[in-house]
Amino acid sequence: PRTALIGRTAQLARLVELWREACGGAGRAVLMSGEAGIGKSRLVEELGHAAVDAPYLRLGFQCSALHVDTPLYPVIQRIERNLGFEETDTEATRAEKLEANFGPIFPDDPRALTLFADLLSLPTQSRPRLPSEPPKARRDRLLAALCTLLVRLSESQPVLVIVEDAHWIDEV
Numbered sequence: 075p076r077t078a079l080i081g082r083t084a085q086l087a088r089l090v091e092l093w094r095e096a097c098g099g100a101g102r103a104v105l106m107s108g109e110a111g112i113g114k115s116r117l118v119e120e121l122g123h124a125a126v127d128a129p130y131l132r133l134g135f136q137c138s139a140l141h142v143d144t145p146l147y148p149v150i151q152r153i154e155r156n157l158g159f160e161e162t163d164t165e166a167t168r169a170e171k172l173e174a175n176f177g178p179i180f181p182d183d184p185r186a187l188t189l190f191a192d193l194l195s196l197p198t199q200s201r202p203r204l205p206s207e208p209p210k211a212r213r214d215r216l217l218a219a220l221c222t223l224l225v226r227l228s229e230s231q232p233v234l235v236i237v238e239d240a241h242w243i244d245e246v
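Residue numbers for the sequence shown follow my numbering, so the first one is 75 and each next one is one higher.
Hint data in this document are derived by calculation from the structure and do not stem from the laboratory. Take every hint as true, because none was put in to throw you off.
Here are the simulated distance ranges between beta carbons:
1) 206 to 160: 29 to 39 Å
2) 83 to 238: 19 to 29 Å
3) 138 to 195: 18 to 28 Å
C-beta atoms are modelled at their ideal positions from N, C-alpha and C, and glycine is treated no differently.
Whole structure, please, built from the sequences with the hints as guidance.
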């Protein structure tokens with residue numbers, strides 16, 4: 075059982091208002107900051123309960139001091155969870171899951187799947203080759219593919235992106 079949310083009615087109402095605007099097609103971003111324990115995560119939880127009147131995709135990213143030196147660690151973890159990777163999966167099984175889930179999202183850009191395979195440490199030999207380019211250009215190409223992924227996911231339903239402990243995010 076959830077405990078009552080006390081003293082945050084106005085903040086929750088504003089979040090719900092912004093969420094409804096986002097569901098109507100107006101992109102919205104909210105930054106909540108404050109000391110640990112003041113209820114930021116609880117407000118987001120309540121927003122999730124208030125937003126159940128329509129289907130939506132919730133993408134949570136948990137940043138951590140333990141992974142500040144691992145580029146895109148929260149993104150990798152989220153993709154692996156969403157693709158249904160299991161510890162016992164072979165590389166071939168993981169590659170099949172990537173293709174089955176992301177192939178329809180990127181029918182016009184098979185190289186995007188090569189970028190995602192590389193990000194997930196999957197073999198890329200059977201995928202379309204990427205151009206030889208400096209690491210920064212490759213990183214920029216990957217970040218663009220991640221943005222495209224988010225935009226394309228949002229075309230079929232609203233997407234609620236939650237980044238917890240963003241102060242620990244790596245400096246991609």
